[in-house]
Each structure stands twice: as C-alpha cells, then as structure tokens.
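Respectively, the protein sequence lines represent chains Y and S. Under the numbering used here, the residues of the first sequence are numbered 163 to 597, in order. Under the numbering used here, the residues of the second sequence are numbered 75 to 320, in order.
Where hints are given, some of them may not hold.
Unchecked claim - In silico lysine-lysine, BS3-like type, Cα no more than 30 Å apart, as pairs: (1) K76/S - K127/S; (2) K260/S - K183/Y; (3) K139/S - K127/S; (4) K221/S - K455/Y; (5) K455/Y - K285/S; (6) K151/S - K198/S; (7) K221/S - K168/Y; (8) K285/S - K127/S; (9) K396/Y - K490/Y; (10) K168/Y - K243/S; (11) K76/S - K198/S; (12) K183/Y - K455/Y; (13) K365/Y - K455/Y; (14) K477/Y - K490/Y; (15) K260/S - K221/S; (16) K151/S - K139/S; (17) K285/S - K76/S; (18) K243/S - K76/S; (19) K221/S - K183/Y; (20) K198/S - K285/S; (21) K180/Y - K260/S.
Derived from the structure by calculation, the hints contain no laboratory data.
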Amino acid sequence: MEMPHKTPMLSGWGRLPKPGKEVFSEDLRALSSGAVLSRGLGRSYGDSALPPPSHLEVATTTLADRILAFDETTGVLRAEAGLSLHELNRIFLPRHWFPPVTPGTQFVTLGGMVAADVHGKNHHVEGTFGAHVTSLVLRVADGRVVACSPADEPELFWATVGGMGLTGHILEVEFGMRSIPTPWIYEQRLRYRDIDALIAALKASAADWPFTVGWLDCLGSGHGILNRGRWAEKDEAPPHPPSPPRQVSVPFELPNWVLNRWSMRVFNALTYRTRGVATGVINPEEFFYPLDKVLHWNRIYGRRGFIQYQCVLSKAGGAAPFLALLQKHRGAAFLCVIKDCAAEGQGMLSFPLPGISIALDLAVDDNTQALVDVLNEAVLADGGRIYLAKDAFTRAEHFRGMEPRLDRWMKVRRRWDPEFRIRSAQSVRVFGDPS
Amino acid sequence: MKVVLLGGTKGIGRALGRLLAERGHTLCLLGRSLEALEASARDIEVRAGRDQKVNVGECDLLHPKGFRAALDSASEKLGGFDTVVVTAALFATQDELEADTALARELVTVNFANTIVFCEEARKRLMSSGGGTLCVLSSVAGERGRKPVIIYGASKAGLSAYLEGLDHKFRAQGLKTICVKPGFVKTGMTAGLDPPPFSGEPEGVAQVILKAIERGTPIVYTPGIWRYVMLVIRNLPRFVMRRISF
Numbered sequence: 163m164e165m166p167h168k169t170p171m172l173s174g175w176g177r178l179p180k181p182g183k184e185v186f187s188e189d190l191r192a193l194s195s196g197a198v199l200s201r202g203l204g205r206s207y208g209d210s211a212l213p214p215p216s217h218l219e220v221a222t223t224t225l226a227d228r229i230l231a232f233d234e235t236t237g238v239l240r241a242e243a244g245l246s247l248h249e250l251n252r253i254f255l256p257r258h259w260f261p262p263v264t265p266g267t268q269f270v271t272l273g274g275m276v277a278a279d280v281h282g283k284n285h286h287v288e289g290t291f292g293a294h295v296t297s298l299v300l301r302v303a304d305g306r307v308v309a310c311s312p313a314d315e316p317e318l319f320w321a322t323v324g325g326m327g328l329t330g331h332i333l334e335v336e337f338g339m340r341s342i343p344t345p346w347i348y349e350q351r352l353r354y355r356d357i358d359a360l361i362a363a364l365k366a367s368a369a370d371w372p373f374t375v376g377w378l379d380c381l382g383s384g385h386g387i388l389n390r391g392r393w394a395e396k397d398e399a400p401p402h403p404p405s406p407p408r409q410v411s412v413p414f415e416l417p418n419w420v421l422n423r424w425s426m427r428v429f430n431a432l433t434y435r436t437r438g439v440a441t442g443v444i445n446p447e448e449f450f451y452p453l454d455k456v457l458h459w460n461r462i463y464g465r466r467g468f469i470q471y472q473c474v475l476s477k478a479g480g481a482a483p484f485l486a487l488l489q490k491h492r493g494a495a496f497l498c499v500i501k502d503c504a505a506e507g508q509g510m511l512s513f514p515l516p517g518i519s520i521a522l523d524l525a526v527d528d529n530t531q532a533l534v535d536v537l538n539e540a541v542l543a544d545g546g547r548i549y550l551a552k553d554a555f556t557r558a559e560h561f562r563g564m565e566p567r568l569d570r571w572m573k574v575r576r577r578w579d580p581e582f583r584i585r586s587a588q589s590v591r592v593f594g595d596p597s
Numbered sequence: 075m076k077v078v079l080l081g082g083t084k085g086i087g088r089a090l091g092r093l094l095a096e097r098g099h100t101l102c103l104l105g106r107s108l109e110a111l112e113a114s115a116r117d118i119e120v121r122a123g124r125d126q127k128v129n130v131g132e133c134d135l136l137h138p139k140g141f142r143a144a145l146d147s148a149s150e151k152l153g154g155f156d157t158v159v160v161t162a163a164l165f166a167t168q169d170e171l172e173a174d175t176a177l178a179r180e181l182v183t184v185n186f187a188n189t190i191v192f193c194e195e196a197r198k199r200l201m202s203s204g205g206g207t208l209c210v211l212s213s214v215a216g217e218r219g220r221k222p223v224i225i226y227g228a229s230k231a232g233l234s235a236y237l238e239g240l241d242h243k244f245r246a247q248g249l250k251t252i253c254v255k256p257g258f259v260k261t262g263m264t265a266g267l268d269p270p271p272f273s274g275e276p277e278g279v280a281q282v283i284l285k286a287i288e289r290g291t292p293i294v295y296t297p298g299i300w301r302y303v304m305l306v307i308r309n310l311p312r313f314v315m316r317r318i319s320f
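Looking at chain Y on its own, in the form it has when it is part of the complex:
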C-alpha cells in the first residue's frame, strides 16, 4: 500500500509553514553548490530561511560545524557556518571566552548570526555581530568560492552582513572572541512604572553597564523591568564555571486558547512581582538566553503560529504612542522587549539604528496582516525600520519606504547574482524577487 505523497512543509520559529524541505550534509561546499538558499537552525521567525515558491529544498548548514582555527592570544576564531552559538558557548565559556555580541537565543548558527547581523544587550557598546566579523568565505551564485572581509571585496562583505543569506551561501565565518574575567554575570533587575521611565533608565544605564535590556508588560499594567549586567569580577564569582541550566520542553503543540489575553496578563503580573527585583551573580546562559531553558517554547502559541514584530524607532518619545497604537488595534503582545540602540552598523541592510527597538510576540490571527500594516505605517512615519529576521508580514512597499539603503544593497547583490539564483520566500515577498 503506497501512502499518498504529501508535500513536506517547513517553517521558521513562528511556525507558519510553507512547502519546504531541509537537505543536510557535513560537506558545505558540496551542499551549497546550486542551492537556492542556506538555512541554519531556523530561528528566524518568519520566512527568511524558507525557499521561494519555485523551490522545495534549502541547504541546512548545521552538520558543517567544525572549528577551523582558534588563536588563544588574539581570540580570533574561524569556523564553518553551521557551528551553533550554543556549542560555541559550551566549549568556550568555561575557558573565559565569549562572543562579542550574542542574540537572545543561543540556538543560532554563526552563518545565521552574520546573515541577520544580530545584535544583543550590548548594542549600545559593541554594535552588531557584523562589526566583529573579520572575514567570510561565501559560495556566490555563479558557483565560485569567494573570501571577503572589510578590506577584501568590502562591498560583498557588507552586503552579506545583514543580507539575510541572499548574497551568497556563507561557508565560513571568522570573528574575534572576547576574553572575559569570569564566566559569570553580575546583574541587577529594577522595576519601573511605565515605558517612559523604563526607557529613561535604559539610557541612564548605558554609560555604566555593558548589557542592558527592558521588558514591558504592555497588556495591562504597563509596568517594566530593567535588566542590566556586566561580567562578574573574580572576587564576586564562584570559583567554578556555571553548569548548564536545567531545560524543560513543551512536548507538543498547545491548543490555541491556552495563550490568551488573560493568561498572558497573569503571567506578566507574576513576572513583574517575582522577577522584577534582583541583584547578584547569575549564569550567563540564564542572563542572555532566558527562553532557551524552555525547548520548543514556540509550541505554546498553538496551531495558529505567531510572529515577533520587531522595529526600531528613531525618536525616543515614539515608543509610548507606538504601543498605544498596538493596543488600539487590539494587538496582544505576550512578550515585549525594549532595547536602546546605538549607531547603525556598516552592514548595508543591518537592522539597528540609533533609537529604541521594540520586539513584540503576537499570535497570528485574521487581524495580523492589518495590524502589521498599521504598525509599519507608524514605523515608516517615524523613520525607523523593521527587522527582517523576525518578519513574516511586511509588504514590499513598506519595506522599500523604510529602507533607503535598499538600492545600494540590491546593486551589490545584482553584481554577484544577476539572475537572483539565491533567494528566499522572504526575498520574493519583500524585495519582489522572481518566485
């Protein structure tokens, strides 16, 4: 008896599936040859790592995870693009080395970190990950393997940093690791009444604290928590390296109703009361990656899936009206993360610009497209922009309006890939690539 052949489906972290299939190999050079798109650990939320409609297969890099070189004196590390940040931290944190920039999850690959030009809690000090990348090896669309760096083929390099994997398949990444005094973080958590007070505190903390981030209950109370930290000094930290935090897993997709306005309010109120105030030394994994402790946490949103809407607003006063707009359109964000961003990086499509970044987790429903449109209009009017790694609904005209740098990036991309052989479901949607 033959089973009817079903089209395989693939999705990003937001669990909004499209036809797609991952192909794996330890041999990235062979795997990337002729592939339409590379994919890492699939932690982008929307369709950044999904194939365009004309293709089914994406080249998943995760088996290509060798460290190629590490210089103990300078901290420069070169590795294959599929190496995960989780593995990197597992190896190097006990040895007092840490990446200069880390996003909010360690289940990402080095290739993905370059493609999205990720930022973290230290954006106000260190900028994006791309600022610390010293060289890349790419397989470009015509099949050649090309090395690039800020000095060598700089246009290709800066088009690739934040270029969502569309300028070539990232094969190798070289960047500078940072030496840290101890593998522990000294953190403080403080509570604030509303978003303006939270943002003021974020900005005030920027001068003295290398890591800062804000969390906001934007469902009801409007309360916020500021989380700030630095590497602990030797006399503060325990003598042993931290052990990995205990992980739990969401074993299956929860029904859609579990996460609703009321359950989210209760959760947020509890978070504010129990997690709002603290001072002390903490495991960096818990500080940088609080959600990584819950494996498959994206299943709590149920079958409907979810998006993370992340934008950066250029005007500091813009955050409160922006969140008011969200509430007016009945957007219920379970998670709202606020971060002050410093100068724009050199990556031609790099996300952060000076201002306030707002990230909102939203369950998908019939209203989502309209909500994203309204929010994007506001971002456009502000002079801000959205983060492609999180995006699933932005319209091409909105993105173009937000992105004066798009033409320059497109020019470089066209030079290396005139036929747009490398493309994604997102590039078809947002850049108007051929499907």
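Using the hints, position chain S against chain Y.
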C-alpha cells in the same frame, strides 16, 4: 585511553572523536582524505582545549592492503594503543543498490569483508599488548531482513555476527568487543531520508558509545529505544514483514 578511530571525520565518528578528546583521551584519526582528517584534528584540538595533538593517518576501507601500515603508523604516533573504534562504513538506499550491482558489491565488501579484515588486524595488535577494546558500529539494519535495507542490512548482519563471536571467544583473554547498533541517527549518511520517530542525534549516540566502551558492554543499541523496536521487528511473523515497508 589511546584510541585509533577509523571514520572520525563525519557523523557519529566526528561526535565521538570530539567527546573522546574532551574527556582527555589520546586520538589517532584514520580516514580516506588527509585534508578532511587534518580539518577534523584541528577542530577536535580546539574543542578539547589542551595542548594535545590529534594524530591522523590515511586508511581506506576499500583497500585492505593498507590496513597494517595504517595501524602500525597509528601505533607509532600514539606510542601504542588500547582501543580501536570503527565508525566508517558505506551507506546507500536499497533502490540505489538494486540499480547498481557494482555499488552493491563495493558496499558489501567495505562494510563486511574489509571491516572484518581491519578488525582482525586490530585484534592481533590489541591482543599482543595484553588486550583492550574493539568497538565497531554495526546497525539495527542487521537485525532482520527488511525491505528498505536488504543489502546494507545483510552487510551489517554479517558484521554483527562476527563481532559477537569475537567477544565470546576473546573476552576472557582481555579483548572486549563492542558491537554498537545505532538506529536512525541524523547525520550526513542519512541526510536524504525522512527521519522516523525515535531518531537520534550524533552527540547523544557518541555519549552512549563512550559509556559502552568504558563499561565493556558487548552489544549496545542507541538511541536505547531501538532495542525494543527491534525486539518487536525480530518477532513479527513473516506474513507481516511481507506487507509492511519498514
């Protein structure tokens, strides 16, 4: 331990090589491509973080004439060895093997005949230095003749039988033989196949193998649930096996 690892550049062998070095064991990697071996050796050295060199040497399971030299050279580099691990093997789908008899011949030769020849050479060296451990990756595919793995499974069935007999005969003389039977593990080898339920990751499988080496467990299924999956499969009546495509 001083370990000779044949096939440490990819898949389960790659994960096992990293784990062995992280736990402080000394390694010599054997494989077909010096370039791949060197890259893996550097990777393992950085991960282990000690100033301990990982040795490499060429050895191709297709060419048994090179086995002695490869093992002698590994012994020289390590100053003798007490453990030999074989993770290298060929894999192809049943469709590919049915379509290409030459490929089928090569696969059976490598996985069965040549692996046994390699093990014989390793066994003699281990026993001449008072014993040790011979750990070889067979497969759950060798547990019963099954439609999707007829030829590959046959090569592994023969290998499993050899390894079991070896353990019966030589354990009393100090040679522990460990037959590892992985179920479906997500590596480059199985990359083209759809992972069934209970599929494992190479890192987890490597930990199980290391524990088996440390304890001297003669037969180990990994992921562990495959012991029970295969128990069921081995006992299914023939008319059922003819119907199902598993």
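Decide if the proposed pair is consistent with the structure: K221/S and K168/Y, CA atoms, cutoff 30 Å inclusive.
holds (22 Å)
Keeping to a limit of 30 Å between CA atoms, is the pair of K180/Y and K260/S held or broken?
Given pair K180/Y, K260/S holds - Cα atoms ~23 Å apart, limit 30 Å.
Checking one constraint from the list: CA of K365/Y to CA of K455/Y, max 30 Å. Satisfied?
holds (29 Å)
K455/Y and K285/S were given as a pair; does the straight-line alpha-carbon distance stay at or below 30 Å?
holds (26 Å)
Take a quick look at whether K285/S and K127/S sit within 30 Å of each other, Cα to Cα.
At roughly 24 Å apart (the allowed maximum being 30 Å), K127/S and K285/S satisfy the hint.
Please work out if K151/S and K198/S have their alpha carbons no farther apart than 30 Å.
holds (18 Å)
Given the hinted pair K260/S and K221/S, is their Cα-Cα distance within 30 Å?
Holds, because 21 Å separates the two Cα atoms, which is no more than 30 Å.
Pair hint K285/S and K76/S, alpha-carbon separation not exceeding 30 Å:
holds (16 Å)
Can the restraint linking K151/S and K139/S be considered satisfied, given a maximum Cα separation of 30 Å?
This hinted pair holds, its Cα atoms lying about 20 Å apart.
CA of K221/S to CA of K183/Y, is that 30 Å or under?
holds (25 Å)
Given pair status - K127/S, K76/S, alpha carbons within 30 Å:
Holds: K76/S and K127/S sit about 12 Å apart, inside 30 Å.
Hint check: K168/Y vs K243/S, CA-CA at most 30 Å. Holds or violated?
violated (50 Å)
Comparing the model with each numbered hint stated earlier shows that hints 4, 9 and 10 do not hold.
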